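*Asks:* As a plain string of letters, each chain reads:
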Amino acid sequence: MLTRARLGHTGGDLSVADILTTLYFHILNIDPHYPNDPNRDRLVLSKGHCAGALYTTLAEAGFIPIEELDTFAKPLSRLNGHPNRAKVPGVETNTGPLGHGVPVAVGMALSARLNQANWRTFVITGDGELQEGSNWEAALSAAHYRLDNLTLIVDRNGLQQGDTTENTMHLEPLAEKWRAFGWSVAEVDGHNISELLSTFQNLPLEREKPTCIIAHTHKGQGVSFIQDRVEWHHRVPTEAELALALAELGEVIS
Amino acid sequence: MSHAQTAPSPANTQFFDCRDAFADRLEEIAHRDPRVVVVVNDSVGSSKVGGFKKIFPDRLINVGIAEQTMVGLSAGLSNGGMIPFVCAASCFLTARGLEQIKVDLAYSFTNVKLCGMSSGVAYGELGPTHHSIEDLAWLRAIANMTIIVPADPVETAQAVQAAYEHEGPVFLRISRTPVPILYDALAYRFQIGKASTLRDGRDLTIITNGTLVHVALSAAGLLAANGVQARVINMATVKPLDEEAVLSAARETGAILTVEEHSIHGGLGGAVAETVVCHHPVPMRIMGFPEFCPTGSAQFLFEYYHLTPQGIASKAFELMKEKAP
Chain A
0 MLTRARLGHT GGDLSVADIL TTLYFHILNI DPHYPNDPNR DRLVLSKGHC
50 AGALYTTLAE AGFIPIEELD TFAKPLSRLN GHPNRAKVPG VETNTGPLGH
100 GVPVAVGMAL SARLNQANWR TFVITGDGEL QEGSNWEAAL SAAHYRLDNL
150 TLIVDRNGLQ QGDTTENTMH LEPLAEKWRA FGWSVAEVDG HNISELLSTF
200 QNLPLEREKP TCIIAHTHKG QGVSFIQDRV EWHHRVPTEA ELALALAELG
250 EVIS
Chain B
0 MSHAQTAPSP ANTQFFDCRD AFADRLEEIA HRDPRVVVVV NDSVGSSKVG
50 GFKKIFPDRL INVGIAEQTM VGLSAGLSNG GMIPFVCAAS CFLTARGLEQ
100 IKVDLAYSFT NVKLCGMSSG VAYGELGPTH HSIEDLAWLR AIANMTIIVP
150 ADPVETAQAV QAAYEHEGPV FLRISRTPVP ILYDALAYRF QIGKASTLRD
200 GRDLTIITNG TLVHVALSAA GLLAANGVQA RVINMATVKP LDEEAVLSAA
250 RETGAILTVE EHSIHGGLGG AVAETVVCHH PVPMRIMGFP EFCPTGSAQF
300 LFEYYHLTPQ GIASKAFELM KEKAP
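Residue numbers (numbering that gives the first Met the number 0), protein chains in the order written: chain A, 0 to 253; chain B, 0 to 324.
So here's chain B without its partners, still in its complex pose (with noise of 0.2 Å):
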């Protein structure tokens, strides 16, 4: 709470690409270490390490479009003494290298950090093909591995940061739709496995992350309007999960709204809800994409699967009704 701003309003808010603060602060790092490298699958450009590979251009390995042997490779070039930053559009990354991920990376416990851009529905259009909502999915079931999904461009940085200071295989889910910033670069301070909390409220929890914070926050302040006090915890790190966090909103909240640009199975809602139902049940939903996503931009498809501030209240008000008295 302390750490954060106040929640944008939308009439005069600027929203931001967080694969820009992405590959600022990599190069920065990169600056300072030459054990750090940049491996692709021709994807330079969607990445953007353009400018990473104009500063560093041994530095920068193209491994064409074979998503198996980049990461396979960069487990390699980690045993070599590197610490590779594998960058590619996260529908690839993870699925077409899954094994690679599961055995040289995590097995194998080796540092190197995969950056999946273009994360969950950022390509619109381009259909289920190009979504990676399934990604957090797949690499949660994986033991070793840390899972994070930054919210802004500030948690962005300093989630690079952490995955540069952290020993071992690291997921950050890096997106191309455009976000406000919710952080003070000064004050915040990104903890691997701590839960930041936005808004207190006694009524009911919002645990999301990403792209969806900033949305959840709108919802609160809608359900404050009618007299619902929403707590909104950005759980950034889906792995290891801040169970703390969790376990506290259940107790002291009594209802838990999940919300995530994922789908509905396996994702952070799926990592909530098996802490809750272990530890601490609670009534829960979980918001995210229950399906292949028809044809639309990201946009429109936030507004149809209700990832609005009106569909995350309404939500919550049929949740409500659900709490113990």
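Just chain A, with the same shape it has in the complex (with noise of 0.2 Å):
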């Protein structure tokens, strides 16, 4: 899909893809034939650039044709660089400038509990979009409210744009930082299928605290060439790539 449409995020999307496998396909509680469904589970994606894994993972989940990923970013799909909520079903709000997710998901729990619902917020947010204020913003709202309907997952994979984001702008100690702003917090390995899930069945961490998951992951997951490679932040591949990497998922699926 990146390699025909020249354009994407190709690290990104790899860190990302298990997380969104595993909550998409075993926890969220959503429907793709009701995908405005009032008591549906939230999840938001603020690391909006990794839209390709996105609307990879909404189209095996039946929310959109499979066909029309093909579509990707080209003239007037509705499959944009970044996610639109009102073009593409299971888009819960537009995502592209870093730090807006956290936010507009603390709303969201805190809709449901005025509300008296059951339903769950998640947002999965980048690591050097934790450089962004406005997460910080929300992160006190969220334990102001004491929000444990509501779950963020980090995906940690220690790499933004230009280099580390150690070497860019200091993040750790991360759990730390979530802690102190009154969040319960479990440092999991993002590529483990079977440790996301049984951190996800068990939500929230503590009561009355919204949930930090820390999310250890590598940009460009299962691919060698790309892996925790600073340059696949938005470095799309060749055809000639394209066909060694998915040898080498191939390989590891198989």
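Read the hints as simulated data drawn from the structure, not as lab findings.
Small disclaimer: the values here were computed from a predicted structure and weren't measured.
Wrong hints could be hidden among the right ones.
[As the list claims (entries may be wrong)] Anything over 12 Å on all C-beta distances counts as not near chain B; from chain A, calculated:
#1 L75
#2 T163
#3 H169
[As the list claims (entries may be wrong)] Just a few of them, taken from the derived set where beta-carbon distance is under 7 Å, the chain A residues facing chain B:
#4 S76
#5 N93
#6 P96
#7 V103
Glycine is no exception: its CB is placed at the ideal position from the N, C-alpha and C atoms.
Build the complex from these two chains, which are given one at a time in their own frames, with help from the hints.
*Replies:* Next comes the structure, spelled out in structure tokens:
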């Protein structure tokens, strides 16, 4: 899809893919035939530049036709480089600029609380994204309102556009920061589906506290020449690279 | 014309803070609709929603001093079925929350009502950090936004109602600068996108809104005493603009003067000019604030920038000289 479009964020798509897969196929209470069900669980992909991973997941889950993925980033396609809820069923809020997802997710969780509804809210951020101050404003409010129906997953792949997060602007000690803000924190292997699953199945981690799951991941997971390499933030594989990558991933899957 | 009372005479006119009419109508709506919530950035007092908080303590969400979260969280509340009215000083709400307004509200098309309180130069001596004279410019450029600048308590209450009934993001600009009552509450019906002609005339048109409508009406009175009949249009909806009212004014009166409590760049004047220049060019002047204002009360600043009956009338005379014969 990215190769055809000559556009996308290969590294971050691959780091978040296992998290999205686990949530969409095992955790979220959603129905592709009724995408606006008021009682559905909400998922916000705050790292909207990884729309490629989201569209693929939504297609596999039945929200959009799989053939439509071929239109990604093509003129007038509803599959923009960043997701648009007005056009794509299953997208909850438009993202792209970083630091937007957590405040919106806090509002969602708060509305469920106000309505005494049982649906849950999940939000996935990148790690470099946490350099945006809006996340920390929202972190305060989620803890203040004791939103234990809210789960944040940080895709901790350690890289951002230009360098590692730690060379760019230190985030560590990240878990301590979230704890200090009043969240309950777990650290997991973001590519270990059973570990993700058992964590998600035991939410909230603590009553009356929002949950932060720091998912340790690899940008470009599963492809030797992409994995953990900063230049693959928004590089797209050539046809030849794609064949190599698929061969490697195929080996892993089989 | 038929809906308006005559221009108030300054001597015996009572002035009102539109925030009271705003708060009263919001409470009325909230009594009937449990989906309505208020979101503030520690701005309960300045938004006059203390009464709302007393009646509906659980439906008043104070996010603290955090405008990005205030706006983003409201988009999330809307996703969950609530109808948030976000009430905060217009300068901080619109500038600090601008990307959230663009992406989370307008582009995501969420049903959130932004209430920019104490807009314009209402904060006077507090200075340009607290003046909100750019809000219309930057919100007007954003697709899907509806922008309303009511002129008196009657129109404010009806604008709150209209915003509530409208599906989609709305910006309501609510001043704290006291204004006289211009409309008869029983006769007037505010409609989004419809201008209201308060005085008819054929010599030129003054298009205005908000706190300066009554001043423009007084200016029209001065002009009439000097033999010039000015049409006065209250353009309470800045977006979508009532282009038909603007173009009728251009065709029928041949000159347009805009008057607003906003920067002269990109506000009501800009909106009118875009329409006029594309479809029926006529001489125009745009009155408002040309720069960061110096120290002074709101009243001082109106006088300093000639936003007075005399100042508007003399600008109208200047404009008349350019009219095609």
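*Asks:* Any hints this thing doesn't respect? Which numbers, in order?
*Replies:* Going through the list in order, the structure violates hint 4 alone and respects the others.
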